[in-house]
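Visitor: Below are the chains, spelled out letter by letter.
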Amino acid sequence: MVALGACSSNKSNQSEEPAPTATVDLATVGTISGTVTLDGTPPTPHPIIMTAGPECAKLHSTPLTYPSVVTGEHGALANVLVYLKSGVGNYRFDIPKTPATLDQVGCMYQPHVMGLMARQKLDIKNTDPIMHNVHPVPHENRAWNQSQPVGSAAIETEFDHPDFAIPVLCNLHPWMRAYVFVFSHPYFDVTTTAGTFDLKNVPPGTYTVEAWQEKYGTQDQTVTIGPKESKTIAFTFKTGS
Amino acid sequence: MYHLLYSFCEWIQNTGWALNISGSTWAYPYVQMIHFTGLSLWVGTNIAVDLHLLGIGPKRLTSAELNNALFAWNWTGLAIAVTGGFMLFATAATSFIVNPAFELKLGLLVPLGVILHIIVQQKTKIWGQTKDTPGVAKFFGGLELLWWFSVATAAASIPYFEHLG
Numbered sequence: 092m093v094a095l096g097a098c099s100s101n102k103s104n105q106s107e108e109p110a111p112t113a114t115v116d117l118a119t120v121g122t123i124s125g126t127v128t129l130d131g132t133p134p135t136p137h138p139i140i141m142t143a144g145p146e147c148a149k150l151h152s153t154p155l156t157y158p159s160v161v162t163g164e165h166g167a168l169a170n171v172l173v174y175l176k177s178g179v180g181n182y183r184f185d186i187p188k189t190p191a192t193l194d195q196v197g198c199m200y201q202p203h204v205m206g207l208m209a210r211q212k213l214d215i216k217n218t219d220p221i222m223h224n225v226h227p228v229p230h231e232n233r234a235w236n237q238s239q240p241v242g243s244a245a246i247e248t249e250f251d252h253p254d255f256a257i258p259v260l261c262n263l264h265p266w267m268r269a270y271v272f273v274f275s276h277p278y279f280d281v282t283t284t285a286g287t288f289d290l291k292n293v294p295p296g297t298y299t300v301e302a303w304q305e306k307y308g309t310q311d312q313t314v315t316i317g318p319k320e321s322k323t324i325a326f327t328f329k330t331g332s
Numbered sequence: 006m007y008h009l010l011y012s013f014c015e016w017i018q019n020t021g022w023a024l025n026i027s028g029s030t031w032a033y034p035y036v037q038m039i040h041f042t043g044l045s046l047w048v049g050t051n052i053a054v055d056l057h058l059l060g061i062g063p064k065r066l067t068s069a070e071l072n073n074a075l076f077a078w079n080w081t082g083l084a085i086a087v088t089g090g091f092m093l094f095a096t097a098a099t100s101f102i103v104n105p106a107f108e109l110k111l112g113l114l115v116p117l118g119v120i121l122h123i124i125v126q127q128k129t130k131i132w133g134q135t136k137d138t139p140g141v142a143k144f145f146g147g148l149e150l151l152w153w154f155s156v157a158t159a160a161a162s163i164p165y166f167e168h169l170g
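Protein chains in written order, with this note's numbering: chain R, 92 to 332; chain Y, 6 to 170.
For reference, chain Y alone in the conformation it holds in the complex (with noise of 0.2 Å):
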């Protein structure tokens, strides 16, 4: 399994366009910055839900209204995340499968964190009716917050792993 995980990493960075964007000097900034962009979205509608289940912020809207209005840009930014992700991974591809930041990054926390989030955003439906929500919904949105910190510090170890490579 593991041999078939390396060669696709091993072909996926040297296919053309990963080699362009790792080969020029304003290519890779630019899709850092569309997955940085994709992230502000992504994890800024998250955390903008999660505070509100947790009682924080202006009581305008329920929960469950933020939680609507907010649907179709919080997924747009995980799509633009994960394109600029997939891109900027493909530039060092066998690398990056050998740390151990970025295993427990994208292995395990990624998934785990959107599978959680789905949850959170199902039940926030039922949970956010009310402007106060019940314990259950502070646990879960504060659970999720918890959740992408965690997420972000692993992706910020990634470079203090080099050495395990």
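Extracted from the complex, chain R is given alone in its bound form (with noise of 0.2 Å):
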């Protein structure tokens, strides 16, 4: 296994890299884990107002909140995305053959933050009996904005460079937002309601792993592993950070 190129720590360039040779050997790979937890008391969440979408809010039998900080048990913090931030080599990755998905489910799009490798497939679905405007707010990639009538099929769409934590809203209900991370590489993860991420078959090297959180930012870890070594690290956010 060869590890070329420096590190790439900003978006801009990672999408400036030379064209990727040499390939990950899986012999050696390991596995970087670990846990995110919130330390203090989560902020009282809001009800979200639906006055722009009386459709929306008959979807609902109680107020729905806006989940910018989602919590666990033992304060584990979930829809926290984790990945390598730099480090990765000049590797070669295959693009996932599934699409990644994202949905509308009672006018909230869900997942709340996702993940998926440039040029992998996204497919958006509608599952709401209301339309939708779908609009995504790249910083590297070319917007766009398709209304998503009820019933409608997926769109099918894909972002061709790497780009960190694009808004994506809906024209029609104000308060429907998402966050899609596009990577060059496969080492991301988003953390579930046990706050944990899992960041699989990574190379031996130096990294730095970013861990982001919609409300309270990023942080940044120096992590290196060996040939087929596991390392379990943990980040920790203040509510009032």
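Keep in mind the hints are simulated off the structure, nothing from the lab. From the three backbone atoms N, C-alpha and C, an ideal C-beta is built for every residue, glycine too. There could be a bad hint or two in this list.
[Claimed, not checked] Here are some chain R residues pointing at chain Y (derived, C-beta under 10 Å): (1) Val120; (2) Ser124; (3) Pro258; (4) Cys261.
[Stated by the list, open to error] What follows is a list of derived Cβ distance ranges for each label pair: (5) Y:Val87 / R:Arg183: 51 to 57 Å; (6) R:Lys306 / Y:Ala74: 38 to 44 Å; (7) Y:Thr30 / R:Asp251: 23 to 29 Å; (8) R:Pro190 / Y:Glu15: 21 to 27 Å; (9) Y:Phe154 / R:Ile186: 52 to 58 Å; (10) R:Pro190 / Y:Tyr11: 23 to 29 Å; (11) Y:Val87 / R:Gly163: 47 to 53 Å.
Dock chain one against chain two, each of which comes alone in its own frame, and use the hints as you go.
Guide: In structure tokens form, the structure reads like this:
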């Protein structure tokens, strides 16, 4: 296995890397896993005011809250995207054949935070009995805006370039928002309500691992893993941060 | 014809300026403010003259004089409302054109309302020369009031028809 090239530390550099040449040696890969927790009392979620979409309000017996901070037991923090920010060599990665999926359920995007690889297919569905208007606002890719009527087929799309925290909006329902991350590599994961993440098949090396949380921002850690090694790390966001 | 309209809507909502309005946290509310400012001017000056035609309000001026005094504000209001409205429409044009309440508002009520308004505005020069307006002036003043009330009702109903899109 050969690790090539310098690390890329920001999104604009990711798209300017030279053509990848090496493949990851699966015999030596390891895992970086861990947990993300919230230190402090989570903010009280405010009900979403659905006056701009009264038909959406009818879908819920109790008011929805915006999922900017979702916690599980013992402060476990969900919807945190953890990824290798730098240190990934100039490897060639296969783009997953399975499309990533973003759905609109109850006038909310599900999942709220997701990652996929550049040029991986993304299916955007509307399972609601209500029309939506999908509008991603990328930084490094082309923006677009498409209505999605009730019962229509999924919008099949893809992002050509790595991109960071693309807000996906609905122009009819202003509270609807998802965040889509686009990577040139497969080393990313989103925490569940258990607060856990797994970055699998990571080649030996030294990496900057970043955790992104919608309200509390980012945290970085440097991690070095050797051949077939597994490392466990922990991120803790403070409610005041 | 519908395909042509749909293609236009698809194009307009994907223009850079429309994407910027709908993708910005602040631009959309400011455009809404422009639209509602224009509407306030347009409908407000309409109502003032319509009520005067109905015999309601101070009689220092005749309806014709009031109509004349508000003429420029009136049409300036419509110009602002149409500009802001078009910008709002462009943020989700393909969704709006299949909404029955929007179709009723913009396809029927607003065009006919503007025509009705032009007729009332022109006729007020004759009907409104004296302090007491004739019956026909009262009828058209009342009709126009009701008409713009129905336009506002159709506009407010748009979100209630998203399930039909």
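Visitor: Next step is simple, just say for each hint if it's right about the structure.
Guide: Quick rundown of the hints versus the structure:
Nearest Cβ of chain Y to the Cβ of R:Val120: about 39 Å, over the 10 Å cut. The hint is violated. Evaluation of the R:Ser124 hint against chain Y yields a violated restraint, the C-beta minimum of about 35 Å exceeding 10 Å. Among the interface hints, the one on R:Pro258 holds; its C-beta lies about 8 Å from the nearest C-beta in chain Y, closer than the 10 Å criterion. Interface hint status for R:Cys261: upheld, as the beta-carbon distance to the closest one in chain Y is roughly 9 Å, under 10 Å.
The hinted range of 51 to 57 Å is satisfied by Y:Val87 and R:Arg183, whose Cβ atoms lie roughly 54 Å apart. Range check, R:Lys306 to Y:Ala74: about 54 Å between beta-carbon atoms, so the 38 to 44 Å window is missed. Between Y:Thr30 and R:Asp251 the Cβ separation comes to about 26 Å, which falls inside the hinted range of 23 to 29 Å. A hinted range of 21 to 27 Å for the beta carbons of R:Pro190 and Y:Glu15 is consistent with their spacing of about 23 Å.
A hinted range of 52 to 58 Å for the beta carbons of Y:Phe154 and R:Ile186 is consistent with their spacing of about 56 Å. Look at R:Pro190 against Y:Tyr11: about 26 Å separates their beta carbons, and that is inside 23 to 29 Å. A beta carbon spacing of about 51 Å between Y:Val87 and R:Gly163 agrees with the range 47 to 53 Å that was offered as a hint.
Violation of the numbered hints given earlier is confined to hints 1, 2 and 6; the remaining hints are satisfied by the structure.
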